[in-house]
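Asks: Please model the complete structure; the sequences and the hints are all you need to start from.
Listed in order, the protein sequences are those of chains G, H, R and L. Residue numbers 1 to 161, in the numbering used here, belong to the letters of the first sequence in order. Residue numbers 162 to 818, in the numbering used here, belong to the letters of the second sequence in order. Residue numbers 819 to 1214, in the numbering used here, belong to the letters of the third sequence in order. Residue numbers 1215 to 1316, in the numbering used here, belong to the letters of the fourth sequence in order.
Treat the hints with care, since some could be wrong.
Quick list of the computed label-pair ranges, beta carbon to beta carbon [stated by the list, open to error]:
#1 His1268(L) <-> Phe827(R): 36 to 44 Å
#2 Gln1313(L) <-> Ala146(G): 36 to 44 Å
#3 Phe4(G) <-> Ile903(R): 36 to 44 Å
#4 Met343(H) <-> Trp1154(R): 50 to 58 Å
#5 Ala146(G) <-> Leu906(R): 52 to 60 Å
#6 Gln1313(L) <-> Pro913(R): 37 to 45 Å
#7 Gly794(H) <-> Leu73(G): 24 to 32 Å
#8 Phe4(G) <-> Phe827(R): 45 to 53 Å
#9 Met343(H) <-> Leu996(R): 54 to 62 Å
#10 Ala900(R) <-> Ala146(G): 41 to 49 Å
#11 Ser843(R) <-> Leu812(H): 40 to 48 Å
Here are the computed lysine-lysine pairs in the PhoX-like style, where the Cα-Cα straight-line distance is at most 20 Å [unchecked claim]:
#12 Lys333(H) <-> Lys275(H)
#13 Lys123(G) <-> Lys918(R)
#14 Lys918(R) <-> Lys25(G)
#15 Lys918(R) <-> Lys1016(R)
#16 Lys918(R) <-> Lys904(R)
Just so you know, the hints here were simulated from the structure itself, not pulled from any lab data. Note that the structure is a prediction, hence the values are computed from the model and not measured. Beta carbons: idealized from backbone N, C-alpha and C, even for Gly.
The chain contents come next:
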Amino acid sequence: MNIFVFGIIASFTLIVALAAATLPKLMHAALSFAVMFLGISAFFFLLGAEFVGLVQVFVYIGAVAVLIVFTILLTPHDVGNVRGFGWSGVVVAIAVFGGLIWAIVKTKSVAIAPSVAKALTVKQIGEALMISYVWPLLCVGVLLTAALIGALILVMEDKRS
Amino acid sequence: MNSWIMNTVWLIPATPIVVALLILSLGKTAPGLSAVFAVIGQIAALIMSFVAFFPTLHAHGFRGVENFTWFVFGNQSLRIGFVLDPLAAAMMMMITLVGLCIFVFSIGYMADDKNLSRFFAYLSFFSGAMLGVVIANSLLLLFIFWELVGLASYLLIGFWIERPSAAAAAKKAFITTRVGDMGFFLGILWLYHNSGTLLFYDNGHGCLESAGLAMLGTSATFIALLIFCGAIGKSGQFPLHVWLPDAMEGPTPVSALIHAATMVAAGVFLVARVYPIFSVGAINGVTSSLAVVVWIGVITGLMAALVAVAQSDIKRILAYSTVSQLGLMMVSLGVGGVAAGIMHLLAHGFFKALLFLGAGSVIHALHHEQDIRKMGGLRRAMPVTFATYAIGMMALSGVPFFFSGGWTKEEVLHATSSWPSSHIPHYLMLVGVVLTALYMSRQIIYVFFGNRRAAEEHPHESRHVMTIPLIVLAVCAILLSVVLTPAWPWLESYLTGHAPQFDSRLLFQPMILFSLGLVGTGIALGVWMYHRTGELDPLQRKLPALFRFLENKMWIDEIYDRTIIALGALFAWLSDWMDRYVWDGIVRDVGAIGQLFGKLTTGTDERVINAGVDEGTVGAQGFGRVMSRWHSGQIQPYLGAVALGMLALLLLYAWLG
Amino acid sequence: MSQSLDQIFIHAKQWLLSFLSGRASDLLIQIVSSLLNIVALLGVFLTLFALMSVLERKILGRMQNRYGPNRVGPFGLFQPVADGIKMLIKEDIVPARADKIVHFLAPVLIAAAAILSLGVIPYGRNMTPFVIDGGILFFFAVGSATELTVFMAGWGSNNKYSMLGAMRAIAQMISYELPLIITVLPVVMVVGSLNPDKIVFAQKYYYFGFLPHWFVLTPWGATAFALFFVSGLVESNRTPFDVPEGESEIVAGHMTEYSGFKYATFFMAEYLGMFAVSGLAVTLFLGGWHAPLPWLAFIPSYLWFFAKLSVLLFVFIWVRGTLPRIRIDQMMNLAWKFMLPMAFTCVVAAAVWHYAGHRLLAWLWSLAVIAVVYFALSIFLDTRKKFTPRRYRFVE
Amino acid sequence: MTLSTLLVVSATLFCLGLLAALSRRHAIFILIGIEMMLAAANINFIAFWRFGPHTAHPTGVIVAIFAIAIAAAEAAVGLAMVIAVYRHFRTTNVDQFNQLKG
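Replies: Written as structure tokens, this is what we have:
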């Protein structure tokens, strides 16, 4: 790990994230949003959590981004109406950003270098999920099923109208 | 071994019921498959019954019991269970074997029906419910299966639901038996109240064992009579016999199943099962409840035999014959010949199924013609049906030596002759024997001899799938006589739990010759009366008034119409009138009073209480108006507020730490 | 001898890298090593793409009773070179109302995704370009990006045929991604790893000394392989599942507004995707680079891999030459009503296989599980009832 | 590279998500912003796990995986709501969704 790779990844991610937050065209923003997850997954690779990185790409680029672009297609809108930009939000975001940075800088205990660790294998994660975290895993399964059904019911056409 | 049997005996009724559900779940897609499933289920039940039959053979008086707790309420627990004893095992063998024959026969008989899978599902269900009745070790469990039997009979009698007469007959059967079941249920409640248990056998604590019986005391008579109400309804005893002939509206295999193996047998079986309750406090084997059983049986037997003489529908004759034979069984039970009654029930199951299936074969060949006056001369056209039908007729008439019915009837007559209370039942039963032989020879002469009167040009023998069950049943009806002879009364000793002894002298008793004479008289009378028959019945020609009386079933249905049903209608009208004018008026008056009171309270509310509340709400409204300014209803300001709150928390935390 | 022949490319790479060792930093060596891998991968597969494009046309020609391309070079083998030159010098047209950036990025990204997914497949002993513990997951994660790039192509072109084609493509890709991934699960479960190398190693044994321990020879493996192959056909938009670019319906789907080299890039990405799916099928079910018989192991491992790959590719062409295109609703029905339940059945059958103990018993049990579900599905999905004789109704 | 630099990156990402959620008028941006904030949180989970003393126990990784699963469910339901709301109001401008105004 070196600061060079880290710098490239961090700047790439943040620039794409800024694009996702501010690009005027919705579709461009959504696509930048998808690309942003490449950067985030690169972070995870860098931090030794390859599995989470792959899952992140799989879920966000493969599923959530596709969902978002589909939703954009299904909700055609008058562009001028939605173009507005709330400056109060910018102020709040900058204030929160300042607060967070101040807190991080002020906290001395986080200024540490990573320890040398063995790479985390997929098997370890699988065992953790299936042994220690099996109930949360089942709950997440139920949650996802409920979300699936709920989403379907929400977008179902009302037969009567 | 035994515990293994007892742990798995529940599979015997469960198999046909599960098969029924399976067939229903298949829907109408595969009718052939449903028949295959039903037959396989029945064969499985037969094999398992056979397996269960074995342990009862080895030890005389064997009785296996398996009880378990169904549910617990309060500090009481309701326990149910299964019992396997010679009575249950013999019944199971009979039900599954006869049922199997009927199932196979139905494949041919119902081949053209579009609801074949529904039919087989119901049949399987019927058979399973009856098997449940047989192995239940709790009066409650027995009652549950009893009602399932009733449900199945309702579904099957009304199987051809598009015929109004079938729907009416199904309703009639269901409601009539329900009248008896009401009494039965009251009897169960009373029994539970007195003895605290509904288990038959429970290591000496069951209601049929000495400790339980002792708790009943004098109420045993009433309990027994109430339970007998159920048997009257199910077994078609007078005065609730009216549904049984009407049940002929169902398909013929259903009639066979109802009359031979399942439904009507349930009543006789019930009386045999709870016989200890009937005989509580018996003096010389006579109790008042048993006397009621005897007299009901006598009335039923004789009346039905008389009516059967004047019927012209082939199935109705058999139906009344069933009623009459059931009366005979009840008499036998009542006079103390339990084994004789059950033996007659078993033998009757075989030959009555044979007769019904033979009638079905005839009906099938004549394209659903059921009037015997329009049949005739079928002897040559349908030789197999004729031969087997003749065997069934001999068995039913009670020809001794070769036919099972003869021996069992002999036993019954023997039992009645030794009843200490009265000899009248015995003589009346002898009359019944003559009548039985008479109407059966009348029927067989009409159907199979003489000239062809049928509209159908070329009746032909039925398919093998229908004739083979007939042959099997005929063979059973004959072979069964081997274990029924008084010389080697194996079945009787099996049922009563004694070792059988061979004594060939008992084969020839004066009683047997006497009854042979009676049967011969009946048959001869029949041949003499009916050998030259035309459209008009000889009896009708000679004694038209009597014939009309018998043909109309002694006007019992009409009497019920005029009395009970009219009374019910009167009551309904009366209560309607009361509802409309009396109770409704009272309710309205009460309502008016309530309204008046309401007006009074409204006044107080508006003038006094509201004024104070109004003042308070004005204040709350002002506060709410101020607060609602903060609610823009838009999500982003809320989100921003959340973010600012987070920032505030962060700053607070940083400032403190 | 055979050992050194087997490892010849590995040795060559090490020899090249040995010039650098000691003179450059580790990072540089690592980068150069990766670059060498990438160059080798691209070289092999672009050649294969060129070869495949001409062979496909020739084989299809034979199947349709005509000669294929046979003018350029010996047997027409230089046809792809001619095609390439033609594509390069064609005018690159971008529609005026198109979203220029998205329109440009779509072919680039789709090719990138296809090439990336090729990176995790073991091509021979010690010949996996990109070794990663969750290699299979990597393959599918990268593959799932294809959907978004197809969407970009459709949306960026600002053309209704492009959009329709993209929508169809995404719908079928999402639908068939489920069976594709779930049919991989049994293999992953039985091997206990997501690592392609370990999956290949798990298939190296032979029953009775000659029958290879490939997963395709187990009941669940055979079923999963069949399902995987069909899903692979769909994922690479091949006939009979080429609904998204059915030229008789919507011109060329999401590629309608592309011309010249961008079109060639799409074309190439499609073929590379096909190679990747076939390569994964070989890895998962057909024993990877292992020889089918133990005494044939002297032949270098990569040759075995490419032999198996070419067999699968031939089947791809064969299917294209044989079957007509099916309708989109039939496709969706097939995916959701048949393939998905069957894929789950494979998972169950693999679990049964794992726990059934004795091999023969396991074989029979898992076969029974699959057969039961298969027949149940074939009864429930039976559509023959729909084709009853038509009844005409007249005015009475 | 220390933990604090990573935290700064994730904090920046978080605030960009907040910016998208607070200042854009299109409903989908709120979802995009929330997803970005969740991703920032995931980076923190992984970072704290990696820099923490117990790297052998993949707790942070597991939490991140669950967060991803829940975020996916949230995105599905959220987008379905966007479509439902669009059907009702014929707009996706969140300024006009003020039916709950007091």
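Asks: Now tell me if each hint is right for this structure.
Replies: Taking the hints in turn, this is what the structure says about them:
Hint check: His1268(L) to Phe827(R), Cβ distance near 42 Å, so the stated range 36 to 44 Å holds. Take Gln1313(L) and Ala146(G): their Cβ atoms lie about 26 Å apart, and the range 36 to 44 Å is violated. The supplied range of 36 to 44 Å is met by Phe4(G) and Ile903(R), whose beta-carbon atoms lie about 41 Å from each other. With their beta carbons about 54 Å apart, Met343(H) and Trp1154(R) fall inside the hinted range of 50 to 58 Å.
Remark: the range hint 52 to 60 Å for Ala146(G) to Leu906(R) is upheld by a beta-carbon distance near 53 Å. Remark: the range hint 37 to 45 Å for Gln1313(L) to Pro913(R) is upheld by a beta-carbon distance near 41 Å. Between Gly794(H) and Leu73(G) the C-beta distance comes to about 28 Å, which sits within the given range of 24 to 32 Å. Checked against the given bound of 45 to 53 Å, the beta carbons of Phe4(G) and Phe827(R), roughly 31 Å apart, lie outside it.
Checked against the hint of 54 to 62 Å, the pair Met343(H) and Leu996(R) passes, with Cβ atoms roughly 59 Å apart. With their beta carbons about 58 Å apart, Ala900(R) and Ala146(G) fall outside the hinted range of 41 to 49 Å. At roughly 45 Å, the beta carbons of Ser843(R) and Leu812(H) sit within the given window of 40 to 48 Å. For the proposed pair Lys333(H) and Lys275(H), the alpha carbon gap of about 25 Å is over 20 Å, so the pair is violated.
Between Lys123(G) and Lys918(R) the CA atoms are separated by roughly 44 Å; this puts the pair beyond 20 Å, and the hint is violated. Distance restraint check for Lys918(R) and Lys25(G): the Cα-Cα separation of roughly 13 Å lies within the 20 Å cut-off, and the hinted pair is therefore satisfied. Distance restraint check for Lys918(R) and Lys1016(R): the Cα-Cα separation of roughly 44 Å exceeds the 20 Å cut-off, and the hinted pair is therefore not satisfied. Taking the CA atoms of Lys918(R) and Lys904(R), the gap is about 24 Å. The hint is violated against a cut of 20 Å.
The structure fails hints 2, 8, 10, 12, 13, 15 and 16 (numbered hints given earlier, in ascending order).
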